[in-house]
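Trainee: For reference, the chains in residue letters:
There are 2 protein chains.
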Amino acid sequence: MPKAGDKVRVICKDEEIEGILMPSENADSVMIKLGSGYNIGIDRKKIKEIKVIEALKEAKDRSAEKKKQAQQNPKLPNITILHTGGTIASKVDYRTGGVSAKFSPEEMEEKFPEIFKLANIKSKLVFQMFSEDMEPEHWQILAREVKKEVEHGAEGVIITHGTDTMQYTANALSFMLENLSKPVILVGAQRSSDRGSSDAGRNIICAVNFIVKSDFAGVAVCMHKRSGDDSCYIHKGVKVRKIHSSRRDAFRSVNVLPLAEVTKEGRIIPLNKDYEKKGKNDVVLKDKIEKKVEIVKIHPGFNYEIIKMLEEKGYKGIILEGTGLGHAQVNVLDEYTKNHERLLDTIKNTIDKGVVVVMTTQTIFGRVNMNVYSTGRDLQKAGVISGEDMMPETAFVKLSWLLGNYPNDSNKVKELMTKNLRGEITERTEYEEEFI
Amino acid sequence: MPKAGDKVRVICKDEEIEGILMPSENADSVMIKLGSGYNIGIDRKKIKEIKVIEALKEAKDRSAEKKKQAQQNPKLPNITILHTGGTIASKVDYRTGGVSAKFSPEEMEEKFPEIFKLANIKSKLVFQMFSEDMEPEHWQILAREVKKEVEHGAEGVIITHGTDTMQYTANALSFMLENLSKPVILVGAQRSSDRGSSDAGRNIICAVNFIVKSDFAGVAVCMHKRSGDDSCYIHKGVKVRKIHSSRRDAFRSVNVLPLAEVTKEGRIIPLNKDYEKKGKNDVVLKDKIEKKVEIVKIHPGFNYEIIKMLEEKGYKGIILEGTGLGHAQVNVLDEYTKNHERLLDTIKNTIDKGVVVVMTTQTIFGRVNMNVYSTGRDLQKAGVISGEDMMPETAFVKLSWLLGNYPNDSNKVKELMTKNLRGEITERTEYEEEFI
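Which chain is which? The protein sequence lines are A and B, in order. The numbering of the first sequence is this note's numbering, which starts it at 181 and goes up by one. The numbering of the second sequence is this note's numbering, which starts it at 181 and goes up by one.
To be clear, the hints were calculated from the coordinates, so they are not data collected in a lab. Please note that the accuracy of each hint is not assured.
Copies of the same chain look alike in the list, so a pair counts if it works inside one copy or between any two.
With a cut-off of at most 20 Å between alpha-carbon atoms, the simulated DMTMM-like pairs for lysine to aspartate or glutamate come out as follows [said to hold, decoys possible]:
1) Lys-444 <-> Glu-229
2) Lys-561 <-> Asp-186
3) Lys-518 <-> Glu-317
4) Lys-453 <-> Asp-395
5) Lys-225 <-> Glu-445
6) Lys-453 <-> Asp-514
7) Lys-468 <-> Asp-589
8) Lys-561 <-> Asp-223
9) Lys-493 <-> Asp-223
10) Lys-472 <-> Glu-485
11) Lys-458 <-> Glu-521
12) Lys-226 <-> Asp-395
13) Lys-458 <-> Asp-208
14) Lys-488 <-> Glu-358
15) Lys-468 <-> Glu-515
16) Lys-471 <-> Asp-514
17) Lys-231 <-> Asp-589
18) Lys-561 <-> Asp-208
19) Lys-471 <-> Glu-521
20) Lys-471 <-> Glu-515
21) Lys-304 <-> Asp-514
22) Lys-561 <-> Asp-395
23) Lys-488 <-> Glu-294
24) Lys-594 <-> Asp-194
Given the structure is predicted, the values throughout are model-derived calculations rather than measurements.
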């Protein structure tokens with residue numbers, strides 16, 4: 181009798197399908213995870229037989245794991261891997277329902293023996309979730325976990341994470357962990373770990389190499405450089421964005437160069453030296469966050485009442501995703517633009533009532549400059565703050581964090597919003613042709 | 181006495197600044213437009229003298245213009261240039277307050293004589309506005325103008341347009357002009373026409389070459405290929421996006437290759453032959469549009485009440501900018517995700533009340549696939565429609581247009597939303613490494 185997690189061959193009238201048997205959600209069909217990583221539902225009526233090719237191996241003995249964790253080499257640095265779920269752990273998520281077994285040090289040593297030559301690896305399961313389900317409260321828990329590990333002697337922390345909201349978590353940890361003098365590297369995968377094409381292992385190996393061999397301190401993301409090769413980029417946590425839904429090289433540094441490339445052989449090629457260096461500072465946890473903050477996208481036909489609704493519902497902060505250099509429709513020109521004055525008035529009124537409104541650009545790349553055209557100047561006069569070269573997502577996390585930490589001081593929030601705190605605002609936007 | 185529009189040298193105590201004198205908004209300072217295109221305000225108290233270097237030339241005689249327009253070569257195709265304003269016309273916007281003078285055929289012949297060897301150029305001012313102020317009503321007017329020109333014998337239409345919302349207009353015209361068998365090319369500039377580095381001329385010349393030498397019919401955008409060189413890309417109107425706030429090569433084709441490259445010498449290099457060919461069809465105007473449509477961005481901490489507010493305010497369509505493959509937080513896992521069920525319920529309830537909800541991805545590049553993870557399947561079960569490989573902006577314009585044309589038939593709207601009408605949905609997402 182095949183069990184969920186077994187590798188099976190499903191024999192139908194017209195075809196045979198091989199894959200992993202998934203826990204069934206539906207009595208009428210059988211769900212198979214294909215080698216491609218995708219799932220397929222097969223009508224039970226069509227199935228002649230299900231053959232078990234390879235039964236699911238039970239999780240290894242826990243005591244052996246613990247023993248492994250205790251075998252530390254005092255000459256090597258300690259690295260903690262915090263697991264949160266996501267595609268990087270999806271094999272185990274489907275097959276056994278547990279992430280820990282997959283990423284037990286023993287299994288990892290078996291699969292990536294090289295990382296154990298570089299560091300003492302400790303593994304801990306914090307969450308087991310897809311990252312689209314993450315809430316600001318999960319950022320807070322992660323920030324506390326990182327602090328704990330660093331205070332207990334970790335020279336670096338790796339966080340395995342779903343890629344959907346990895347950039348938001350990277351931003352949140354950047355702001356919540358003040359004075360951080362150790363590297364904290366988020367690692368995801370675009371192909372689940374049970375696929376031959378999985379990027380999970382390479383990304384983790386590169387992250388370990390970077391932690392051990394670089395002097396970088398702070399929060400960063402380690403993902404594939406390009407889909408076609410095997411080296412990784414290290415992206416600053418406040419300057420990284422997922423810009424493809426499925427490619428292995430979905431993450432790109434925005435408005436800065438990546439910090440470094442880590443080659444397949446584990447060599448570090450520095451690309452951008454603008455970062456804090458490792459040290460022995462005591463990390464300061466500032467994990468408060470305001471949840472009444474929203475992102476609003478400007479577009480032709482944008483309805484000004486959206487802003488009004490947010491103000492009336494008690495929102496404390498609004499990130500505008502403006503057009504171009506940071507614009508919205510505020511000029512009254514003809515009968516079709518007669519509502520534009522109401523948008524400008526609504527924005528001004530919202531700000532006058534204490535809501536902090538920050539302008540970013542929906543172009544993602546490039547910076548806001550509200551001094552070039554009268555549109556930008558009018559918005560600034562109404563009190564809209566420039567997000568400079570912060571991405572909308574970074575501005576959103578920063579504003580939520582500032583409003584959490586200075587709940588009754590909107591002047592302080594506005595002042596810090598335009599000040600560079602963690603590398604999120606750069607004086608000059610750097611890029612190379614190939615980076616966008 | 182220097183007048184607005186004059187080229188001046190402002191002599192201060194410590195420095196001398198050269199540029200165009202701008203109309204003054206402020207009695208205490210003088211505004212100068214620098215050669216870089218940016219404006220600088222100079223305190224009047226610091227100014228010792230303002231010298232006129234070159235007085236503003238008055239607009240040329242109108243009758244000469246008209247005469248020029250009448251001199252047509254019957255062997256050449258007729259091209260109409262419709263002007264709408266924006267940076268491409270910003271020299272004149274600042275100096276004389278008028279766009280038409282700048283783009284009179286005479287002035288254009290003086291500046292770009294090559295285009296008059298390729299076509300009979302007719303020039304018409306439709307709007308004089310920055311594109312951030314454009315509303316769906318302006319799309320309607322433009323669509324009607326294009327139809328008129330095509331029906332009066334234009335072999336192609338060029339629309340000069342601000343770059344902020346050019347992609348929205350390109351999408352709108354693509355849908356509004358059914359059966360279009362002539363090329364309609366939108367052209368903008370990232371540097372105003374009075375700057376040495378302006379891309380305005382090159383973009384127009386490339387557009388004329390493309391219209392004359394290619395067999396493409398439909399709506400496209402012609403902008404610089406890369407910031408460093410002088411050739412242009414032609415991007416399909418439903419597959420183009422501004423992804424940089426200031427670079428000359430701000431526009432990129434998303435999920436498809438550009439249609440063609442047009443070299444400095446006017447040579448056409450086809451890159452993507454997936455388009456409609458020129459013909460003699462009668463264009464059908466379908467310019468209705470529904471304005472109660474909004475774009476909502478999903479993110480950690482997203483408040484489900486936003487969706488609820490939109491439904492209560494009578495919105496007919498919602499574009500979700502989901503994470504990754506098209507996700508939102510719908511899984512209840514712990515105390516922090518206990519509201520997720522309410523988000524899913526709210527989405528389902530909104531759809532049950534007749535609102536059309538479409539999922540796109542905030543990664544911009546890549547396609548939505550709601551079959552891979554349970555998150556996507558749950559959203560589909562609630563009635564969310566997949567936007568496939570449409571960008572959020574394209575899905576937004578398409579949905580607004582479908583709701584305008586089929587106001588009482590949401591099943592038809594849903595059916596057409598997932599059907600390829602103008603090349604906005606492709607079966608397979610194509611890209612080359614260098615294109616993102």
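Trainee: Each hint needs a verdict: does it hold in this structure or not?
Mentor: We went through each hint and held it up to the structure:
{"no.": "1", "hint": "Lys-444 <-> Glu-229", "result": "neither (43 Å within a copy, 64 Å between copies)"}
{"no.": "2", "hint": "Lys-561 <-> Asp-186", "result": "neither (64 Å within a copy, 28 Å between copies)"}
{"no.": "3", "hint": "Lys-518 <-> Glu-317", "result": "between (42 Å within a copy, 12 Å between copies)"}
{"no.": "4", "hint": "Lys-453 <-> Asp-395", "result": "within (10 Å within a copy, 50 Å between copies)"}
{"no.": "5", "hint": "Lys-225 <-> Glu-445", "result": "neither (50 Å within a copy, 63 Å between copies)"}
{"no.": "6", "hint": "Lys-453 <-> Asp-514", "result": "neither (51 Å within a copy, 40 Å between copies)"}
{"no.": "7", "hint": "Lys-468 <-> Asp-589", "result": "within (14 Å within a copy, 47 Å between copies)"}
{"no.": "8", "hint": "Lys-561 <-> Asp-223", "result": "between (63 Å within a copy, 19 Å between copies)"}
{"no.": "9", "hint": "Lys-493 <-> Asp-223", "result": "neither (48 Å within a copy, 43 Å between copies)"}
{"no.": "10", "hint": "Lys-472 <-> Glu-485", "result": "both (17 Å within a copy, 11 Å between copies)"}
{"no.": "11", "hint": "Lys-458 <-> Glu-521", "result": "neither (51 Å within a copy, 43 Å between copies)"}
{"no.": "12", "hint": "Lys-226 <-> Asp-395", "result": "neither (59 Å within a copy, 48 Å between copies)"}
{"no.": "13", "hint": "Lys-458 <-> Asp-208", "result": "neither (57 Å within a copy, 50 Å between copies)"}
{"no.": "14", "hint": "Lys-488 <-> Glu-358", "result": "neither (35 Å within a copy, 37 Å between copies)"}
{"no.": "15", "hint": "Lys-468 <-> Glu-515", "result": "between (46 Å within a copy, 18 Å between copies)"}
{"no.": "16", "hint": "Lys-471 <-> Asp-514", "result": "between (38 Å within a copy, 18 Å between copies)"}
{"no.": "17", "hint": "Lys-231 <-> Asp-589", "result": "neither (66 Å within a copy, 48 Å between copies)"}
{"no.": "18", "hint": "Lys-561 <-> Asp-208", "result": "between (63 Å within a copy, 17 Å between copies)"}
{"no.": "19", "hint": "Lys-471 <-> Glu-521", "result": "between (29 Å within a copy, 18 Å between copies)"}
{"no.": "20", "hint": "Lys-471 <-> Glu-515", "result": "between (38 Å within a copy, 16 Å between copies)"}
{"no.": "21", "hint": "Lys-304 <-> Asp-514", "result": "between (61 Å within a copy, 18 Å between copies)"}
{"no.": "22", "hint": "Lys-561 <-> Asp-395", "result": "neither (43 Å within a copy, 49 Å between copies)"}
{"no.": "23", "hint": "Lys-488 <-> Glu-294", "result": "neither (56 Å within a copy, 51 Å between copies)"}
{"no.": "24", "hint": "Lys-594 <-> Asp-194", "result": "neither (65 Å within a copy, 33 Å between copies)"}
The structure does not agree with the numbered hints 1, 2, 5, 6, 9, 11, 12, 13, 14, 17, 22, 23, 24 stated previously, though it agrees with the rest.
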